[in-house]
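*Asks:* Construct the complete structure from the given sequences, taking the supplied hints into account.
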Amino acid sequence: MNPTCPIPITPQSQVQLAHGEGGRLMRQLIRQEVLARFPSSELGRLGDAAVLAVEEGELAFSTDGYVVSPLFFPGGDIGKLAVHGTVNDLAMLGAVPLYLSLGLIIEEGLSLDTLRRVLQSVADAASACGVQVVTGDTKVVPRRSADGLFLHTSGIGRIRPGINLDARHCRPGDAILVNGTIGDHGMAVLAAREGLAEGLQSDTAPLHDLVQQLLNQVAHIRFLRDATRGGVSAVLHELAEAAGVCVRIEETAVPIHPAVRGACELLGLDPLHVANEGKLIAVVAAQDAALALEVMRQHPLGRQAARIGEVLQGTPGEVQVRGAIGRLRVLDEPAGAPLPRIC
Amino acid sequence: MRYIDEYRDPDLVQMLTQTIRRLVSRPWTIMEVCGGQTHTIVRHDLESLLPEGVRLLHGPGCPVCVTPLERLDQAMAIARRPEVIFCSFGDMLRVPGSQTDLLGVRTAGGDVRVVYSPLDAVHIARDHPDREVVFFAVGFETTAPVTALAAMQARRLGLRNFSLLVSHVLVLPALEALLTDPNCQVQGFLAAGHVCTVVGFAQYEEFCQRHQVPIVVTGFEPVDLLEGIWMLLRQLEEGRCQVENQYARSVHRDGNGHAIAAMAEVYETCDQTWRGLGILPSSGLRLRDRYRDLDAACRFAVEQIAVSEPAECQSGAVLRGQLRPVDCPAFGSRCTPEHPLGAPMVSSEGACAAYFRYARRPTAQESN
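Chains as they are written, first to last, in the working numbering: chain A, 1453 to 1795; chain B, 25 to 392.
None of these hints come from the bench; they were simulated from the model. Source: prediction; values computed, not measured. Even for Gly, the Cβ is constructed at its ideal location relative to N, Cα and C. Treat the hints with care, as some may be off.
Below, a sample of chain B positions facing chain A; criterion: calculated Cβ distance under 10 Å [to be verified]:
#1 Asp33
#2 Val37
#3 Gly60
#4 Met116
#5 Glu373
A few chain B residues that don't get close to chain A, going by computed Cβ distances all over 10 Å [to be verified]:
#6 Glu156
#7 Leu183
#8 Gln227
#9 His235
#10 Ile303
#11 Arg310
#12 Pro353
From chain B, some residues computed to sit far from chain A (all C-beta separations above 10 Å) [stated by the list, open to error]:
#13 Asn280
#14 Cys322
#15 Glu333
*Replies:* Written as structure tokens, this is what we have:
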């Protein structure tokens, strides 16, 4: 005897509302598409929460939502972003990332193939970073209630004793470094969305290993921050404000890929305001600047690292830029998303 | 990067600055026409490099700034309609109308989209036959040829759901109006390089002779502007009055024939209201009769919308070069990019926005 269901569930090519409603379809989706891709035994238990062993020392805990259009773009996709973004947030405190949660908010009608590609990308990125996805959640919302797929990750990392990165440790004379070209991610996504230009690649990348190299080899790292939305400008403003110092950068010292620069010139955007997903700003003591730069340049994610400025005594919160022809100006903070100009 | 770095070269800047200093024997007041030039001047603090007594006035060449308030309100009335997809260049979205801006209309449910070319709006119309697609055709002679091409393409594709809300303006009539103002102090113009790339400068020659005012067609980078300023000051010092072309790598005397032909095919000149300046004769473009069916103002019956400027905004005086943005009592306090009273504070080419972004000088001293 081999009983079969008289109304078999036929394979679907799109996500349906029922995939999020707790029944058989949902369990099937989670087993076939999620568990198959993530090796964690904690996740496999399908418990209400993951159980994690606690070590001595301090934990870093961070959370972030990911919305991007298009879901796939040159150099990356929303899955990679969701891993790298949270890994990087942990890394900026000096933490070694260990565990991630993964929340999916899926718009009804999303192709299962798209979902599979994104989940595989999350799995590959997590594995490459050495982090485990240990808990998760899946929701399906009606058509037009979301834009295809939103992801949400939270992360836990462990901070070694003795590490204490904080903007308030910055002192006049400290050097400001960046680990490579800026504006790549924002311009790549804009170009992909609007069909504007080719040759632009997102820089999405996990920075925890680069950070560990820095912390292992350089004595006086004061502060690290990944320059995501708002770009390098936003980080410098946060730094100047939190540390109560003035910072100055040299515009011509900031590495910018020629394609990004060209696209920014055409659209009237300032690369300092454009988003990155694999770039950090590091403030280090002046005497350690050369070593820190060397350590960065030895790392695959820091080949084009540059010293772009310094911390000064001066009006707290002020960010200065020395422009191409040598004049100093105050760097503005953009009011919202930059809008391309008319002509 | 070619065409950029050599025009921002500090040594060239230094050399031009010294040449200008050696040349000038008395005070002069000159105006750069285009908002893009204003931004370079303020961003790189070029004015501080000039000899004392040489004054730069900022002109009316910001397309966003001069779009009249009633046109903006008409745009928003159209954009609110549920059947409409309203397409615009990015920097029109934050320009305040009398009530709100286009971003506000979008937040309230309007389908407002940023496009990078008017032709993108034509494609949206083709892909959404059940919706009305409207493009907000603003700008000087730089953008008018492309919106004309959009009209021609929509006609060729037989699209019935595409229209233009036209608010194009022309540079020369505005300069004419400035010079006839008895308070005008302008002694020479740096003409807008991109406008002249399209229309050439043959018509500027007649203007220059009639008003006895020297003109230098000028580019947008620091070296371009300093060279243009030097050429203009040299004319003034020598008592000459000609049209000269600093931006020769882009501008030819007769302009771009294809662009001029497209404009002439679709548009004719008309009297036009300028925000802050009032009605200027023959200063705008409207659709010719054979393209009149593409007129969104007519299609959506918004032509009767009329509003007046907020009293506190002095953008008219700013656009005429009679008030420096920082001398406006509202500047930086009641008028900021987040809460603008007028368009010059929002547009990426607006003089007030340029001063707000760049003109605050650093307070820390040079450490070296």
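*Asks:* Please flag the earlier hints that this structure goes against, numbers listed from lowest up.
*Replies:* Per hint list: zero violations.
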